[in-house]
Amino acid sequence: MKRHSISLFCVLVAFWLLNSGHYGFLLLALGIISISFVLYLTHRMDVVDHESQPLHLTHKVFAYHLWLIKEIFHSNIDVLKHIWRGQLTITPTLKTIKISQQSDMGKVIYANSITLTPGTISVDLENDEILVHALDASSLEGLELGEMDKRISKLEQI
Amino acid sequence: MDLVISISSGICLLLGSFICVSGSIGLLRFPDFYTRMHATSVTETSGVALILIGLMILSPDLLVFAKLVMILLLGLLIGPTTGHVLAKAAYHNGLKPKLTKSGNEQSSVPSSERGGDISKS
Amino acid sequence: MLLKDLFAVTMLLSIYGLLSATFFVAMDAVDVAFTEASVGAGISTLLLLVVISVTGRRERRVRHKPYAALFVVILTSMLLVFGTSDMPYFGSADAPIHNHVAPRYLNDSMQEINVPNIVTAVLASYRAFDTFGEVVVIFTAGIGVLALMSVSSKALSKSQPLNRPRGLYEQHLVIRIVAKTLFPFIFLFALYVQFHGDFGPGGGFQAGVIFAAAFILYAMLFGLDAATKVIKPAVIELLAALGVLLYGSVGIVTLLNGGNFFDYDYLLADPIAGQHLGILIIELGVGITVTCVMIMICFGFSLRRRAYEQKVAIRPKEGAV
Amino acid sequence: MFIGLANTWVAILLMMIGLYIVIAQGNLIKKIIGLTLFQTSVFIFYISMAKVEGGTAPIFSSDISIYSNPLPHALILTAIVVGISTTALALSLIVRIKEAYGTIEEEEIQGLDEEQD
Amino acid sequence: MISDMNESLILQLAIVLPLLTSALIIATGKNPNVREGVTIVSALVLIYFVFNLYSAFSNDPNQVISALWWELIPGLTISFKVEALGVLFALIASFLWLVTTSYAIGYMRGHGEKNQTRFYCCFAVAIAAVMGIAFSANLFTLFIFYEVLTLSTYPLVTHAGTEKAKKSGRVYLGILLTTSILFLLSAIVSTWVVAGSVEFTAGGVFSPDVDKTIAGVLLVLFVFGVGKAAIMPFHRWLPAAMVAPTPVSALLHAVAVVKAGVFTILKVCVFIFGIDLLPSLATTDFLLYLAAATVLLSSIVAMRQDNLKLRLAYSTVSQLGYVTIGALLASESAAIGSALHIAAHAFGKITLFFCAGAILVSLHKSNISEMRGIGRQMPITMAAFFIASLSIIGVPPAVGTWSKWFLLMGSIETEHYIIMSVLMISSLLNIAYLIPIPFHAFFPNGFTNKGEAEDSAISDVQSNSQIKEAPLPSLIAIVITATGCIALFIYPQPLYELATAMLETRAVNYAE
Amino acid sequence: MIIAATLAIFCAMILAISRAFMGPTLYDRILAVNSLGTKTVLLIALLGFVMGRPEFLDIAIVYALINFISVIAVLRYSDSNQFKENSSENEPIGKER
Amino acid sequence: MVSQLPVLQVILPLMAAPLCLLLKRSTLVWLFCLIVSFLSLLISILLVQQVSTSGPIDYAFGGWDVPWGIGYRIDQLNVLLLIVITAMSSVVLIAAKESIAREIDPEKHVYFYILYLLSLSGMLGIVATGDAFNIFVFLEITSLSVYALIAMGRHRRALWASYQYLIMGTIGATFILIGIGMMYQMTGTLNITDLSVRLAELPQKRTILTAFVFIIVGVCLKLALFPLHLWLPNAYTYAPSIVSAFLAATATKVAIYLLIRFTYSVFGPSLSFAAIPLQTLFMALGLVGIFVASVTAIYQTNVKKLFAYSSIAHIGYMILGFSTGTVAGLTATLLHVFNHALMKSALFLALAAVMLRIGSVQLSSMQGLGRQMPWTMAAIVLAGLSLIGVPLTVGFVSKWYLLVAIIEQGNWVVAGLILMGSLLAVIYVWRIVEVAYFKEPATAQKGDVLEGAAGGSTEAPLSFLIPIWLLVGANIYFGIDTRFSTQLAQSAAQSLFGVSP
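Chains as they are written, first to last, in my numbering: chain A, 1 to 158; chain B, 159 to 279; chain C, 280 to 600; chain D, 601 to 717; chain E, 718 to 1229; chain F, 1230 to 1326; chain G, 1327 to 1827.
In case anyone wonders, no lab produced these hints; they're calculated from the structure. Here a beta-carbon is modelled for each residue, glycine too, at the ideal position from N, C-alpha and C. Any given hint might turn out to be false.
[Unchecked claim] Under 8 Å between C-beta atoms, here's a sample of chain F residues computed to sit facing chain D:
1) A1233
2) F1239
3) V1279
4) R1282
[Unchecked claim] To be clear about the criterion: a stretch of chain D counts as covered by chain C if any three or more of its residues have a C-beta under 8 Å from a C-beta of chain C, and this derived list gives those stretches:
5) 610-619
6) 669-677
[To be verified] EDC-like cross-link-like pairs, simulated, lysine to aspartate or glutamate; straight-line CA separation at most 20 Å:
7) E:K798 - E:E1087
8) E:K831 - G:E1766
9) C:K283 - D:E715
10) A:K81 - A:E126
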């Protein structure tokens, strides 16, 4: 718990400083007060934990994101093509995909990654299945190959 | 140097706006709700990203840059979340996607989950 | 407005809010845009949604009395168009509006108040009393909503109604995690807006709305009970009053120090510092009141909605009181 | 003439749409929506008269000399708050009306009232 | 006679006393004897007060006795002033209050009426209003008391509480308030605007060069506005009010209401317009003929009524026309005549009503056709009825003779021969509708046709052959008023003096 | 170039609005509003640069947040059964009547 | 401190409102409100004295001079309204405790008092301020609190009435906002004094005319002038009794004030009356309003509604005086503002007492009440007489001034019509009197259907009788001693003509 608080504090300080742009005594003091207040409030709300502060993922997440960006780039081009070519080319598909992630966090990352990649949307997230809607059947096939699943599972393991 | 900046940002902006417009056209052209979602997700990812990157290149100071980054991160975090939630809600509330025959594998609503818990007023 | 789906109409209203806010940005009114964004697209949509969820989504039938209305509207618009014919053109710098009172704000406020955001200077110092009125208006609305909506604790049994849907956070893994991540930032951002009203767009009102919106989001996701556990409704009421009092007490202090009401020059020995302090405090007052009232209103609606649902569940055909 | 006042006229058009909805619609919520539309359009009217050609937002910066008029902005900030307050109160009234009458259609409510007389 | 009390104080006391009485009546309402004792005592005191004023006035007619209560708006005051006509009116009213009270005690108890406290209370308030009217120094004060009179008599009119009574009450109130507010008040305001004053001034308040059209319109407004004077289109309330108990009718017809009406008209004619201005107005003639028509028509209507009280009511309408004519003729004799007629009619009519009430109380009869032969059961009553009828008709030895004489004189002086003939014809009609009643009472079978009426009348006579007069207090009242009719014929001096004094003040003013 | 981008975004917004008007389902409208919100964020960011005062990006952040919150709110209140989407607009859901 | 009186007048109740929330207990809050209200009354009395001795008082908020900051300007017109509002509020509040206890849920009492104080301070703010936009803000404070107050009525129709009022009121307020915007656009200032100066100098008038029309229409919506009156009867009828009394005494008066302020002080009579046939229009509307409302009142079976319609009729009288455009007419209007507040608050308070005792204000349920609640009914009768305009009551005085003002202009017909209007008032007042005094109590027939009526509802408690008779006493006192009220009204009217000839 403490860990998460400290990390949140640091992030919040950065957030304040980057937003503020005024570094006089008064505003800094107000910033400290504000941050403390926010910390107090969020603790009261019980929203500071490993889910909101995924510290354990920090060191692997960048690599994954780079890969994700690449995927997004590719699928973007696909979808753009579909848009300009028109309706006839699309083959909307709905399919359930098994996922291997254990933690909620992993599931969320997976679901969000699917949605983030254009062409696929995670429609429903139930236990260990994700219902995916795809613009094109082919992109679903790519997903079924499980590359993304594997990467996230790897991310998840500490 | 200025030239590089303006050209690179120009390219980013141009591409971004092209993608945004494309996304909107997709929003109009696609046949049903789920397919339209794909179109918007184009805008929300690469369109937003490219435009914001274009602006980042132009940004005069760190603060503006930081804020643009924040907007970008926020967009990338919120976009898929709302998309997912929206799709889920639509699906659970009985909006059936139009599917091609081949992929029509699971078309029934998982009604057991929600059908019973709604009291009619 | 041919749409009979109130929900759709609400969505369109939200779009209108977004568009007008964009327009305000284009018109240099950044503060207004800020407020309109959070109010027009945010809070008012939110409120409308709650109400529609109680009252029903569909309009019952088409009305047939447009002629009188049309007559009134056409008459009014003709009058308005007639009235515009003498108006100065859009953007012309020599219009009287830009040459009588406004120049002093633009030219002298830096010397007199030393607050870069001139709108804030006008709002909080030159026309502080208007803003006080504004705070009182919102406080009035809050109390009014409470007076209308408050459910006696007896009537509202703690037990959940028969088939209550699960909290949103249980259904939506994704939202839960994303929202949890976002909350601290939204709150801090609200506070940032609160304290940087002097320098850029923003101020107490906008901050209050954002803060309240975040809190309402929390209540929506984690349930009303969780939210009331974080802060009790009675405390919110008191805080709302406190905000108004905080604002007013600045005026009282200036009175006691020998100045006129809201003459911040008398707050501290140094007039400029006094102005700063005064603006800071009153903005805080505005922020507190707005936050609390917005939360109050939403809580009021939700509690009422719950009570109503319970009542309907128990006595299905209960209509008129 | 046309260009110079077009902005105002658009605002007038929007206002009138709002006013029409308020008067002609029988659904209470739609009335409120119309009212909001009406008010927001008035705000647009105010804000567009604050604009100065070539000016920027009235936030002081040492390298800018022309600002738009800050006073309407301050006024409209207040007016927006007033507007949302009214809306909130109106909506709470609607909820109560729904509870008491079982409907939110003007005609039906009046019918119920007359029935009672 | 004159005590050491200040006359001005007495003047005010005369107005306040009945009000105090009404409060006392409410306070003592539980005990009828005390309540009525209070009424009688205060009536006596009031007579004493008014008589004091009278003697003070007659000792020195130029002495100004006045009282200012309040200045409402600069120039608009509530104030009082003793003046001949007012004294005359006040004398009559205060005296008749005593008599009527005495009568009412007998009547109300004999009839077993409800709400007697309310009756006495409202009666006292009405008397206060009459005193206020009599002594008011300006139109505004008069107006106030005029309205008080209207409102305070409403409960009396609807005393019975039946639907019919309420309907009549509405007619009563409706006509009186409508005319007073619509015409009288606007006339007063207009007078205020045109003349700048609403004080009663000898010779009138209008300057001689006033716009004749406006003044003419104002005169019409005044005459119509005083609904209590029952000029023809606005006379309906008077017959309608007949549902009231007899003492109330007596109050309405003799003591207070209608007298207040004609008093107001007379006062307005003499002191607002002035009898010099009146003839020059175009509308005077119109109003004169209207009044004359009222006299004739209502007499004819009266002949056709079988209900005794209703017949008397129409008779009142006709008699009021006399006073109005007298006021509008605008000559000295006519004015004196109408002043005298106020008194004469008061005594005559009150006696008639007392008699009608007595018949109702004792024999429970209200229709004339049923009254054949009652002279044997109620000899005193019917004798009084006869005397009073003579007074109304205007034949000696009753006081009505004098007033009609002066009215005729006035009409001849001003060469209104049509009016003169109307007066004559009306007198004949009076005979036709009044005299048969006592005649048949005493001679149920008339001089002829003994057999015809025998069946109906004889049976009555047989069952009620013994004397069955009204209760004693009522009887006393009847006797007193009947005596008054004759006494004033014999000794009209005080009345005449007062009537001339009213005009003399004008002469004095002009002399200055 | 910024101005061109602004105009493009503006066009995109118009397209989105037309989708919001056309519907046909509620979710299409929500989607349109959401997408409009995203574009508004971009537009405001761009406008700041167009007007030479890019420091007002706070507004854009607020937009993004509000957009998020309102979509969540929509979904929160679509819990109640009235928000069931009907395949055809007018027909109520049969099994619940 | 004396120089701070103008601001204290408004700030005192305004700051007291949130403080109520801290007190929590109903009785305490009531006591607190009462004290605050009476203090405001005291302040307004001091202001009257000060204005009459040393002329108008200017007060600048925040020390900023007027066109730049917000200024208060208290002159003869303002003090008249201030004293009416504070006095009515104080008197009405005395009775509030018992009435509220019966009509409103206990947990909402505190909210009630807060809203009450807020509406009071809102009205005071409207009257006191010298800034056009500030008027709008305080107008909204008043309106919002009043909507909520009305909706707190027990009957479900209170909600509907409140909603209707809200729609009409908001449209009105927005119209005013548009008008203010146009004026601001043409002059660049919001201060009323400054506006009047600059408006007079303007060469172009079309925008100003439009602004004028919008403001007038907006104000008339709030005023419930005849064709725009539809919200008023229900609002007054179904609001909690205390609220009805307070509103009837003050709300429309404030609107009248705004009308006068804008036409005379801001636009100036030359513009207001010359450019638009306002006088004829208002005279016609006033007359039609008097007749339609009075006739409608006659047919009402709910006494509160009856008096609500009578209020609309009396607005007609005020408008008539206003429409003459002379000092005398304006004096009559202002006098009637003062006097009508006295009579209507007395009437509605008495009705509140009736409501307290028999739980209904239907005409039929008031049968024989004259004997059961003699003091209350006597008050209704006296105030009713005042409503009619019977001499020695305040109603007469103002009607007299009105008639004189109108006859001076040679409008004989209008004068006659006014008197006919009074006759209609006689009818509706008389209906009540007849039912209350000349009908037997309903107990015999209805038995114990009416709660409290059976077996004799007793006289209202002293906490009602004191304020009611205070007001009735004032009705008669100011009907007899007219010096204070007429002087106030006259000097106000003269000052308006003096300021902008």
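Going down the list of hints, with the structure as the test:
Residue-level restraint check for F:A1233 is violated (minimum Cβ-Cβ distance to chain D is 21 Å; threshold 8 Å). Below 8 Å, beta-carbon pairs count as interface contacts, and F:F1239 has none with chain D, the closest being about 15 Å; its hint is therefore violated. Contact between F:V1279 and chain D, as hinted, is not supported at the beta carbon level, the nearest pair being about 11 Å apart and thus beyond 8 Å. For F:R1282, the interface hint holds, the least distance from its beta-carbon to any beta-carbon of chain D being 5 Å, beneath 8 Å.
Coverage of the stretch 610-619 of chain D by chain C holds in this model, with 5 residues showing a Cβ closer than 8 Å to a Cβ of that chain against a need of three. With a threshold of 8 Å between beta carbons, the proposed coverage of the stretch 669-677 of chain D by chain C holds, since 9 of its residues qualify and at least three are required. In summary, the hint linking E:K798 to E:E1087 is not supported, as the alpha carbons are separated by about 49 Å, beyond the 20 Å threshold. About 13 Å separates the Cα atoms of E:K831 and G:E1766, which keeps this hinted pair within 20 Å; it holds.
For the hint linking C:K283 to D:E715, the alpha-carbon distance of about 27 Å lies beyond 20 Å, and the restraint is violated. The suggested pairing of A:K81 with A:E126 is violated, with an alpha-carbon distance near 32 Å, which exceeds 20 Å.
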